[in-house]
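Asks: So the sequences go chain by chain: A and B.
Per the numbering used here, the first sequence runs over residues 48 to 160.
Per the numbering used here, the second sequence runs over residues -18 to 127.
Hint data in this document are derived by calculation from the structure and do not stem from the laboratory.
Glycine included, each C-beta is placed from N, C-alpha and C at the ideal position.
Be a bit skeptical, because a hint or two may be false.
Claimed, not checked - With a straight-line cut-off of 30 Å between C-alpha atoms, the simulated BS3-like cross-links for lysine-lysine are:
| hint | chain 1 | residue 1 | chain 2 | residue 2 |
| --- | --- | --- | --- | --- |
| 1 | B | K0 | A | K62 |
| 2 | B | K23 | A | K105 |
| 3 | A | K105 | A | K53 |
| 4 | B | K23 | B | K0 |
| 5 | B | K114 | A | K53 |
| 6 | A | K62 | B | K23 |
| 7 | A | K53 | B | K23 |
| 8 | A | K62 | A | K105 |
Said to hold, decoys possible - Chain A residues, not near chain B, derived (Cβ > 12 Å throughout):
| hint | residue |
| --- | --- |
| 9 | F52 |
| 10 | P58 |
| 11 | K62 |
| 12 | A78 |
| 13 | D79 |
| 14 | H80 |
| 15 | F81 |
| 16 | P82 |
| 17 | S89 |
| 18 | Q104 |
| 19 | G107 |
| 20 | Y112 |
| 21 | A122 |
Claimed, not checked - Some, not all, of what chain A presents toward chain B, calculated at C-beta under 8 Å:
| hint | residue |
| --- | --- |
| 22 | L66 |
| 23 | P71 |
| 24 | E102 |
| 25 | T108 |
| 26 | I110 |
| 27 | T111 |
| 28 | K115 |
| 29 | S117 |
| 30 | V118 |
| 31 | L123 |
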Amino acid sequence: MSSVFKALADPTRRKVLELLRQQPMTAGELADHFPLSRPTMSAHFAVLREADLIEAQKIGTTITYQLKISVLEEALLGFAQAFGIGSGAPAAEIQPGDGQLSDTAHPSQGNSR
Amino acid sequence: MNQESRVSNDRRHVVFSLKLSAVLIGASLLLTWARHEGMISKDSVERGIGVLTGLVFAAYGNALPKLIGPAVGTIGEARVAQGLRRFSGWALTVAFLVYAALWAFASRDAAHVGSIAAVAVSGAAVMGYAGWKYLTQRKTEKRETP
Chain A
48 MSSVFKALAD PTRRKVLELL RQQPMTAGEL ADHFPLSRPT MSAHFAVLRE
98 ADLIEAQKIG TTITYQLKIS VLEEALLGFA QAFGIGSGAP AAEIQPGDGQ
148 LSDTAHPSQG NSR
Chain B
-18 MNQESRVSND RRHVVFSLKL SAVLIGASLL LTWARHEGMI SKDSVERGIG
32 VLTGLVFAAY GNALPKLIGP AVGTIGEARV AQGLRRFSGW ALTVAFLVYA
82 ALWAFASRDA AHVGSIAAVA VSGAAVMGYA GWKYLTQRKT EKRETP
């Protein structure tokens, strides 16, 4: 359950879940909605997969992400969105490879590593 | 999702279902024993089993959207399947919470009728939604096919 709270605490990951609510999407389609680097988005997807909130499946020729969220988790998501949990904090970017969150000044700096 | 993780996922769902069943059977036996010992009335046993049934099936409805089957052929089919999983999960969870609440607080007659009505309405809603989604998707596919 703590992995679910950790996943839902980040506004970027909540937005990913909101987008997947509309329909399953590929990683590229999801990443196009965010001003973050692809490796950073991959790290966010990894956190969501670890929390068992999304699942990747091969549909046709592409890997597509689908929502895998229980009713209670969806209610928690709505609660977190309604109260803006985590949205007031400085923009945080996951560093791919270490799974740790660190503060960055501008999300547009992306990941030059 | 590879074969190994799919098997592990399926195993988790089976274990979850078995645990829910064990809770329902165990609690029912406990209530029956308590009635036999004269600790509670027949009405309390009936209400207790009603509340337990509602809560157990609500827990199953809660987990329903997580039951993703094998990969489908197109993104449209995946969209329909996802929508149906979410809708049926919510419908069943709410219906069985109403079921449990009626058995906990309403009069016996109201609980008998209301609990069955709640489940029947949610079942009809899920069937209706599934039919509507399927027809909408067929229409979309026909429009997109040259």
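Asks: The structure should be examined with respect to each hint, and the outcome stated for every one.
Replies: These are the hints, each one checked on the structure:
1. K0(B) - K62(A): violated (34 Å)
2. K23(B) - K105(A): Distance of about 54 Å is beyond 30 Å: violated.
3. K105(A) - K53(A): Holds - the C-alpha atoms of K53(A) and K105(A) are around 27 Å apart, at most 30 Å.
4. K23(B) - K0(B): Satisfied, since the Cα-Cα distance of roughly 26 Å is no more than 30 Å.
5. K114(B) - K53(A): violated (33 Å)
6. K62(A) - K23(B): violated (51 Å)
7. K53(A) - K23(B): violated (46 Å)
8. K62(A) - K105(A): Within the cut-off at roughly 22 Å; holds.
9. F52: At about 17 Å from chain B, F52(A) clears the 12 Å cut-off, so the statement holds.
10. P58: Consistent with the label, P58(A) stays out of reach of chain B, its closest Cβ about 22 Å off (over 12 Å).
11. K62: holds (17 Å)
12. A78: holds (17 Å)
13. D79: holds (16 Å)
14. H80: H80(A) is indeed farther than 12 Å from all Cβ atoms of chain B, at 17 Å.
15. F81: holds (21 Å)
16. P82: Per Cβ check, P82(A) is outside 12 Å of chain B; nearest 25 Å; holds.
17. S89: holds (17 Å)
18. Q104: violated (4 Å)
19. G107: Violated: least Cβ distance 7 Å, not greater than 12 Å.
20. Y112: violated (10 Å)
21. A122: violated (9 Å)
22. L66: With Cβ-Cβ at 12 Å, over 8 Å, it is violated.
23. P71: holds (5 Å)
24. E102: With Cβ-Cβ at 5 Å, under 8 Å, it holds.
25. T108: violated (11 Å)
26. I110: Since chain B brings no Cβ nearer than about 10 Å to I110(A), farther than 8 Å, the hint is violated.
27. T111: holds (6 Å)
28. K115: holds (5 Å)
29. S117: holds (5 Å)
30. V118: OK, holds: V118(A) within 8 Å of chain B, min 4 Å.
31. L123: Cβ of L123(A) sits 12 Å from chain B, so the hint is violated.
Checked against the numbered hints given earlier, the structure breaks hints 1, 2, 5, 6, 7, 18, 19, 20, 21, 22, 25, 26 and 31 and satisfies all the rest.
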